[in-house]
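Undergrad: Protein chains in written order, with the working numbering: chain S, 1151 to 1422; chain L, 1151 to 1422.
Treat the hints as calculated values from the structure; they're not laboratory data.
Among the clues, some could well be false.
One copy or any two copies: either way a pair holds, since identical chains are not told apart in the list.
[Unchecked claim] With a cut-off of at most 27 Å between alpha-carbon atoms, the simulated DSS-like pairs for lysine-lysine come out as follows:
id: 1; residue 1: Lys1210; residue 2: Lys1290
id: 2; residue 1: Lys1167; residue 2: Lys1340
id: 3; residue 1: Lys1420; residue 2: Lys1360
id: 4; residue 1: Lys1247; residue 2: Lys1231
id: 5; residue 1: Lys1413; residue 2: Lys1346
Protein chains: 2
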Amino acid sequence: MKKNRQLFESLDSVRDKPILAQIDPSSVWGIKDREDAEDRLEKATRELSDLQYRLYAEAKTGLLLIFQAMDTGGKDGVIRKVLGPLNPQGVEVTSFKRPTPDELAHDYLWRIHSRVPARGKIGVFNRSHYEDVLVPRVHKLAPKEELNCRYRQINDFERHLGENGVILLKFYLHISKDEQKRRLKERLDKPEKNWKFEPADLAERELWDKYREAYQAIMEKCSSPHAPWYVIPSNRKWFRDIAVAEIIRRELNRINPSLPKAKEGLRDLKVK
Amino acid sequence: MKKNRQLFESLDSVRDKPILAQIDPSSVWGIKDREDAEDRLEKATRELSDLQYRLYAEAKTGLLLIFQAMDTGGKDGVIRKVLGPLNPQGVEVTSFKRPTPDELAHDYLWRIHSRVPARGKIGVFNRSHYEDVLVPRVHKLAPKEELNCRYRQINDFERHLGENGVILLKFYLHISKDEQKRRLKERLDKPEKNWKFEPADLAERELWDKYREAYQAIMEKCSSPHAPWYVIPSNRKWFRDIAVAEIIRRELNRINPSLPKAKEGLRDLKVK
């Protein structure tokens, strides 16, 4: 763990109400290069598998991982690379898309709450309720009072989850505007990436600064010790992956789930 | 409505943190007798049907009715009598039983939130999240701090619903211990009521005073202007029914849902 000291020190130093403008999206805090990152990731995911097994067997705590980012920020990628190696029986990924009519007919946390992981499971949110304070702000769909009301509702909701056995980790995958340009161009230029290109993404890119402001507000309003935001410099995908993996590994080690005790009298049983 | 003045004045006078011990379960505030009650109920449910139709068409507001009571208090009866006449397409009744393993693996509000009515619908809860502060207190399954934490979580949750288009009315059906005795005996004596008798109810009856205290605490901790508790004297079923019907009618009239405007150009269309 000693070799991770610089990584964690850097990650933790920007955890409490981070200032996005001051964080270089190309940072690789304490990780040498791609090879170093990949070596570490292999070891980290092996340990994550063991930790997940114990979390599942103990069935006391749920772990909820929330991923938010600008378009092309790498949510799909980090989920595949870090959580892909885990036993899918214990991992539930939910991609929140544009709300359905039935979802719109309910309060915005209704569909979110329904997908919160059970004790023993790891829930992964690809987008989340943070879209409901992001898009309305950027597109001016809600007055400021309503947004403030939602920040409070979200804090209440996350506190309730924390008090009821669900641990939350929130990741903002932090890329630069130039890096987004490069990735969008790649989606246009490479046939096998064409399917990911949405013309609407170009319009959203025009609103880069507004989105940045909206994320900044989210981190100021909705960071708390029991549900912190981690800003992950994500211009380099290999750094993004190992940083997220290490944070999850640290948290699961902190929870330190243990296998339930063998049932009474088990030693005396014989299988015939 | 003038003839209901005494009824509403009495109901409203005990609405804000009511003291159960001071409310006579045999009260019939302003209602003359069974015949008077039944006449009024017929009129009230006719108007309720019209109001529900408009609520459904407007699809802006959800109405959530929560029913709690001691055993035999009459939850099933009042739901059948008052809400039975409404169009079932707009009414969703949920009876919360002992939690399933999947429900127990989540926070206690998980199953509750999933059943909150959509805008335009009337949701009816036969028992509710209040069981989760009632039973643990009576059976000493949770320390006081955890109960206090839950009262706060419930208030946060109900406020969130209120701020997101769901109006809550909470009904406590108030019967006397003698009336419960009479009703339990009836369940034992009448063959067609035998199926409702649970031997466990007798053990719970022994805990009458503890349940009463627990309800008193709920009303002190979880009454708020946007989600009030109504104590309904319920020894007389006919009074219970008309009192609940009138409260729902008054609330729907306050919401005053209106049919959406005809679509542009509708007048010029011809059906051939």
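Undergrad: Where does the structure disagree with the numbered hints, that is, which hint numbers, in rising order?
TA: 2, 3, 5
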